[in-house]
Amino acid sequence: MESEIFVKAGLLMKDKNFEPKHTISILVENKAGVLARISGLFSARGFNIDSLAVGETDDPTVSRMTIVVKGDEKILEQVEKQLNKLVDVIKLGDYIEIPHLERDLALIKVKADKNDRSELLQIVDIFRAKIVDVADHSVIIEVTGDEDKIEALIRMLGSFGILEMSRTGIVAMARGNNSLTI
Amino acid sequence: MEKTGAEIIVECLEREGVEFIFGIPGGCNLPFFDKLYDSKIRLILTRHEQGASHMADGYARSTGKVGVCTATSGPGATNLVTGLATAHMDSIPLVAITGQVRTDVIGSDAFQEADAIGCTRPVTKHNYLVKDVKDLAHVIREAFYIASTGRPGPVHIDVPVDIQRAKIEFSYPEKISIRSYSPTIKGHPLQIKKALELIKAAERPLLYVGGGTILSGATKELRTLAEKANIPVATTLMANGAMPFDHPLYLGPLGMHGKYSTNTAMQKCDLMISCGARFDDRVTGKLSSFSPHSKKIHFDIDPANIGKSVAVDVPVVGDLKTVLKELNDQMPEKNHKPWIEQIKEWDKKHPFSYKEDQGKDPFIKPQYVIQELHRLTKGEAIITTGVGQHQMWAMQWYPCKYPRHFLTSGGLGTMGYGFPSSIGAKLAFPEKPVICIDGDGSFQMTMSEMATAIHENVKVIVIILNNYYLGMVRQWQELFYKERFSASCLTAQGGRRTKENEPDPRSLKYIPDFVKFAEAYGALGLRLTHKEEVEGALKQALDSKVPVILDVIIHPEEKVFPMVPAGAGLDDIIVDMA
Ligand SMILES: Cc1ncc(C[n+]2csc(CCOP(=O)(O)OP(=O)(O)O)c2C)c(N)n1
Ligand SMILES: [Mg+2]
Chain W
1 MESEIFVKAG LLMKDKNFEP KHTISILVEN KAGVLARISG LFSARGFNID
51 SLAVGETDDP TVSRMTIVVK GDEKILEQVE KQLNKLVDVI KLGDYIEIPH
101 LERDLALIKV KADKNDRSEL LQIVDIFRAK IVDVADHSVI IEVTGDEDKI
151 EALIRMLGSF GILEMSRTGI VAMARGNNSL TI
Chain R
1 MEKTGAEIIV ECLEREGVEF IFGIPGGCNL PFFDKLYDSK IRLILTRHEQ
51 GASHMADGYA RSTGKVGVCT ATSGPGATNL VTGLATAHMD SIPLVAITGQ
101 VRTDVIGSDA FQEADAIGCT RPVTKHNYLV KDVKDLAHVI REAFYIASTG
151 RPGPVHIDVP VDIQRAKIEF SYPEKISIRS YSPTIKGHPL QIKKALELIK
201 AAERPLLYVG GGTILSGATK ELRTLAEKAN IPVATTLMAN GAMPFDHPLY
251 LGPLGMHGKY STNTAMQKCD LMISCGARFD DRVTGKLSSF SPHSKKIHFD
301 IDPANIGKSV AVDVPVVGDL KTVLKELNDQ MPEKNHKPWI EQIKEWDKKH
351 PFSYKEDQGK DPFIKPQYVI QELHRLTKGE AIITTGVGQH QMWAMQWYPC
401 KYPRHFLTSG GLGTMGYGFP SSIGAKLAFP EKPVICIDGD GSFQMTMSEM
451 ATAIHENVKV IVIILNNYYL GMVRQWQELF YKERFSASCL TAQGGRRTKE
501 NEPDPRSLKY IPDFVKFAEA YGALGLRLTH KEEVEGALKQ ALDSKVPVIL
551 DVIIHPEEKV FPMVPAGAGL DDIIVDMA
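The listed protein sequences correspond, in order, to chains W and R.
Here the first sequence stands for residues 1 to 182, numbered as in the numbering used here.
Here the second sequence stands for residues 1 to 578, numbered as in the numbering used here.
One chain only, chain W, in its complex shape (with noise of 0.2 Å):
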């Protein structure tokens, strides 16, 4: 928890081996090969996504990716500039210094009997998650937060245990007049 506190002062940044998380929204042209070609890039060079959700946005023939990645600054750059270069990539923004919000929705599977119940709804109260599904041995919770509020809730639910886990990877989104559009 401490060392984001240092890292949004910019002091870590210092630190050769340090590798910031970078969030990259991409707006694509709405076809075939694309993510192939995003995330060749990527593989190329070695570098494992994190995290990657896509989806259509208001324009039908226009996507959004939102990518989580970290790796070496300076490759994560020439990266971008590569990815910016692609045909098919419209615009492209890198959220590590700009007001912004996360979101990730995961669906929990936990185990849990009759007298587990009122302990787990307490907790899913308290994260603002949501009991989706109920059966005999197990909850299904729904939970939408940034990485933060859904890696404890995740940590919170271990004690039960978790029978499934399904996430959707991250989504991002500037705060106030700053926007990626075409």
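Hints are computed from structural coordinates only; laboratory data are not their basis.
Cβ atoms here follow ideal geometry from the backbone N, Cα and C, with glycine treated the same way.
Keep in mind that a hint or two might mislead.
Straight-line alpha carbon distances no greater than 20 Å define the calculated DMTMM-like cross-link-like pairs of lysine to aspartate or glutamate that follow [unchecked claim]:
#1 K130/W x E142/W
#2 K31/W x D135/R
#3 K131/R x E77/W
#4 K308/R x E142/W
DEER-style ranges, computed between Cβ atoms [stated by the list, open to error]:
#5 K193/R x D72/W: 49 to 55 Å
#6 P122/R x M156/W: 40 to 46 Å
#7 A36/W x D543/R: 51 to 57 Å
#8 I185/R x P60/W: 29 to 35 Å
#9 F480/R x M173/W: 29 to 35 Å
#10 A36/W x K193/R: 39 to 45 Å
#11 N48/W x S309/R: 20 to 26 Å
#12 K193/R x M156/W: 55 to 61 Å
#13 N48/W x S486/R: 33 to 39 Å
Based on these hints, arrange chain R with the ligands on the given structure of chain W.
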């Protein structure tokens, strides 16, 4: 009018002004070839698709137009990949059209199916799989546009065979627009102003000129800048000919096997003006000691090249020709005589040089052969090369008079590039002498294209500087691997030799016999073993009515100097072995 996909391709190619298509037919591009049968586009049947791609490349590099090659699906497409990667690395405009299996069987491991666009994605500027015949004309227009604008490059179009057969009402798309693609042409005025100020203030400026200068057609503007501001010009391998070799401000080549004087000038200059060059590691050597005292201006059309390996003070993104025009208009006359004199001094100290063979039965010096060729052709021939020592000797000893006259695989370093690319260039310029300066190793990679040269009556000259070795590999093994010649000798079992058991190559049987090889195809083959034969043989070759192979036997121990060892700084240049 109703047209089939194949007819549409041919019509679009004709409308783009395509003169030649290089390629080989197969099951999945037969409809296309059937329509080419009636076209006025000249079809060049190659012997290998790699040859087709390099021929299209040689045509493109020598003319500045888009080169076109074609292949069938599967193995045809994969054979094109080396040529596309070669063109990609050197920013050469190509359009490659491949056949693909029927759309309804794509992904079923059909006969001769390969994920062609998957294969070419990382080695092309863009690529397409056309799944609807109504997109075809648009895609072809876009492909030519993308290939030839901005930073040029190869574009691949994969067309399933059923799309080639499908019919639609056709109208030619006169206009195209791609919202996500708009290269920056004009340089930012403020940046140009900053560049101008740096140039005005410089005392020891150096123009570091790369292949982008030729691609942009900016050689005239470069010359104006050099003359107006009195700045000496050094070129990369890719920019041989960007400045006439006999121009008083031209210094020569840079980099690993460049001149002592140019590399020293790079280290001592107080302003480096990079024009369409990309700070390749073969030019910069060790980055931490590269040109330590200079401010740096970087003109490049590709924003991704800016700051990629070297931090620069003033980047200007735009088309070089446009940017330099802008700059020249505001450039005052300058004089840098002491600096230029200083570089000339360095050059006198260590010019490109070679020593005559002192042996009893002296070998021909490769440098001498190229020198003679330069003299006989006045530096005005089109030269292509393979990759290796001969390529470096060609750069050193054949400084060109004109741009687009030195065709070599700089970025990818593709052995086998030289011979087919010379065929492409000669088809474009039948009246000019086109000479491939090749290595015995490189030539063997694509020599099957001799049949193409003969059938199409393309009178290219191949000078094989035959050292019986993968010579550049041998040079590295000699200098850095304790003279353990592992798999570099082309006349030994397993390629393995040591310095002790090195026989006189002239006592060995070289396989193949390149003279007999030439004769087998109906070309002229001559073997040269003595210096006195060189001039006569070159003249005979230049006058020949058929393609020529000159098999010039040189000493295997011949090395390329100067040399900046890989990973060393430019200051650590080795001038020669002594
Ligand atoms: C396709 C390919 N394979 C391997 C290499 C590695 N390589 C670089 S130079 C060289 C030797 C070239 O031999 P040759 O063509 O005879 O030229 P020489 O150096 O002897 O003049 C090799 C194997 C390469 N550049 N390209
Ligand atoms: Mg050789």
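Evaluated hints:
1. K130/W x E142/W: Within the cut-off at roughly 5 Å; holds.
2. K31/W x D135/R: holds, 13 Å
3. K131/R x E77/W: Answer violated: K131/R to E77/W is near 34 Å, above 20 Å.
4. K308/R x E142/W: violated, 44 Å
5. K193/R x D72/W: 49 to 55 Å: For D72/W against K193/R, whose Cβ atoms are near 34 Å apart, the range 49 to 55 Å is violated.
6. P122/R x M156/W: 40 to 46 Å: holds, 43 Å
7. A36/W x D543/R: 51 to 57 Å: holds, 53 Å
8. I185/R x P60/W: 29 to 35 Å: For P60/W against I185/R, whose Cβ atoms are near 31 Å apart, the range 29 to 35 Å holds.
9. F480/R x M173/W: 29 to 35 Å: Because 54 Å falls outside the window, the suggested range is violated.
10. A36/W x K193/R: 39 to 45 Å: Since A36/W and K193/R have Cβ atoms about 42 Å apart, the given range 39 to 45 Å holds.
11. N48/W x S309/R: 20 to 26 Å: Between N48/W and S309/R, where Cβ atoms are some 24 Å apart, the hint holds.
12. K193/R x M156/W: 55 to 61 Å: holds, 59 Å
13. N48/W x S486/R: 33 to 39 Å: Because 36 Å falls inside the window, the suggested range holds.
Violated hints for the displayed structure, listed by number in ascending order: 3, 4, 5, 9.
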